[in-house]
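Asks: Residue numbers (the numbering used here), protein chains in the order written: chain F, 290 to 580; chain P, 28 to 297.
Derived by calculation from the structure, the hints in this document are not laboratory data. Hints may be right or wrong, so weigh each one.
[Unchecked claim] Facing chain P, according to a computed beta carbon distance under 8 Å, are these residues of chain F, among others:
id, residue
1, THR312
2, LYS537
3, ASP539
[Unchecked claim] If you anchor each label on the Cβ, the simulated ranges turn out as follows:
id, chain 1, residue 1, chain 2, residue 2, range
4, P, ARG237, F, GLY409, 17 to 27 Å
5, P, ASN138, F, GLY358, 49 to 59 Å
6, F, LEU480, P, ARG263, 43 to 53 Å
7, F, ALA412, P, PRO222, 13 to 23 Å
8, F, ALA412, P, LEU191, 21 to 31 Å
[What the hints assert, rightly or not] Reference listing, derived: stretches of chain F covered by chain P, where coverage requires no fewer than 3 residues with Cβ under 8 Å from a Cβ of chain P:
id, stretch
9, 314-322
10, 550-561
All C-beta atoms in this analysis are idealised placements derived from N, C-alpha and C, irrespective of residue type, glycine included.
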Amino acid sequence: MTSDGVPPILELRGFRYTYLEGTPRAVEAVRDVSFRINPGERVGIVGPTQSGKSTVVDAFAHLLRVKPGQVFYEGHDVAAPGYDRQALRRRVGIVFQRPESQIIEDVVGADVAFGPTAAGLSAAETRERVEESLNTLGLPYPEYRLRYVHALSGGQRRRVAIAGVLAMHTPVLVLDEPMAGLDPRGRRELLELLMRLQKDRDLTLIVCSASLTDASLLCERFVVLDRGSVVADGPAREVLREPDRLAKLDITLPEPVIAARELRKAFPDFPTELLTEEELEAELVARLGAS
Amino acid sequence: MLELQRNVIFGQYIDAGSFVHRVDARIKIVATVVFIVASFLIDSFLGFAVVLPLLILIQVVSKISLGYVLRGSRFFLAFLIFILAFQVLFYPGDVPESGYLWRWGFLSVSNEGLYTAGILGLRVIFLYYVTTMLMLATSLVDLTNGLEQIFGPLQRLRVPVNELVLVFVIAIKFVPIFIEEVERLARAQTARGVPFDEGGPITRARRIGRLLVPIFISGFARADTLTTAMNTRSYRGGRGRTKLRWMKAGVADWAVLALITAWMVAAWLV
């Protein structure tokens, strides 16, 4: 429970997962991960490859053989017998690393409509949501709704995948490596879109990435994973206060943090919890002005 | 959850480092051929009973868990039972009146039908087991080298041995990759509301049909990438290619082949 009595929207309690458990090819992906995510939070799950990020993401929507007592949605155990998994998947929307894999229909409009239709929405309502989602993602509805998904570019396909999830109006939006393979403009656009959506819809936003830079632009809190365990969890600035520990992991640190670490050679007490270049600049100007 | 990787082990390699793994790949391939020939020659339950201890011996020595092999054969065995049921019900051979246990129109269950289906079943299981074991206990590199050397002499007759072996090995190597891919796709689609983990067998099968188009697309993309990779690394078949490690069959390897051949002849003759 949080202080005001609202249960966390998602919670992992001692979550562990081994792929192909009980076979000679068993791989322990996650060992003992616990954290809570409150409604409306923007959380970055950061870690190098093989750290267990994607496994954690799959667990949120009960896409793995999750054991009881480890994964909770709004306080309910998702692995409890009789738990409505379909309903859970209508609340936790996931945009996977490779967007192609989650596109079901061949035509853009039909694919975005898939979720709302499966959820039992009326044709009129579905149409409205498809139009809204495609327009939001900068794929104008009249122009794109009849295009073939496989004829689109990689960036456009990712947008279709996101539109398909947005059309579900899920309270939780999980993005696995959303920035991978996008050019700088595509990144900027996606970033602005996600920030806007999060505010407008009061989303709980979870971003998985191997790059703290990507996560720091979107998230107020970081959960850092390494080899299947949580190594840091807290407000973004707090986590950045220990950059040496983060630097040992194979993750990309934000530029201002990298610069700040270098500057520590001149100013040993130089702060590293800097999220933007402006903050770095202000700090530097203050120091140089003083000395 | 669609858990294919657990239930289909075809084409996988488990590096258990046992004696079975270390036996020269060529010997293992020839031994497998001996097994295959034997499986067609043996036609009595007694014959297969003689074979069984050898298979148990191989299983134990290989250090690969039996439970893993059995679980990994679930789909195969289910399919086999399905086929054999038809074999029994539609048995076409001559059956004396006393041989029928049950009859309804053109469907029947007879002693003769059961016997033939039983032998056929054992034959297929035997074949499946030895080929699966060959792949579980032989790395693809060894398998490729072994096949290339066995069929090497055919190259004089202008048979493109290296290319054929390569195609064969790539085909096998792609099976587990495809299985993984299907699982990944199924997970992503489940997240969007396609319930792969619910409904009867027919509904489930129909949902798997949805995966076909994306699987083909990713398959072609993979093949394309592989071709490019091979071209950039100047692959040009086996011509003029030398090997760092030459295979050498020792006394133990030959002894294994001799033992297997003798055992199979015995099983055939009993």
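Asks: So, for every hint listed, does it hold in this structure?
Replies: Hints versus structure:
no.	hint	verdict
1	THR312	5 Å, holds
2	LYS537	30 Å, violated
3	ASP539	23 Å, violated
4	ARG237/P - GLY409/F: 17 to 27 Å	19 Å, holds
5	ASN138/P - GLY358/F: 49 to 59 Å	54 Å, holds
6	LEU480/F - ARG263/P: 43 to 53 Å	47 Å, holds
7	ALA412/F - PRO222/P: 13 to 23 Å	22 Å, holds
8	ALA412/F - LEU191/P: 21 to 31 Å	54 Å, violated
9	314-322	violated (count 1)
10	550-561	violated (count 0)
The structure fails to meet hints 2, 3, 8, 9, 10 from the earlier list, while all remaining hints are met.
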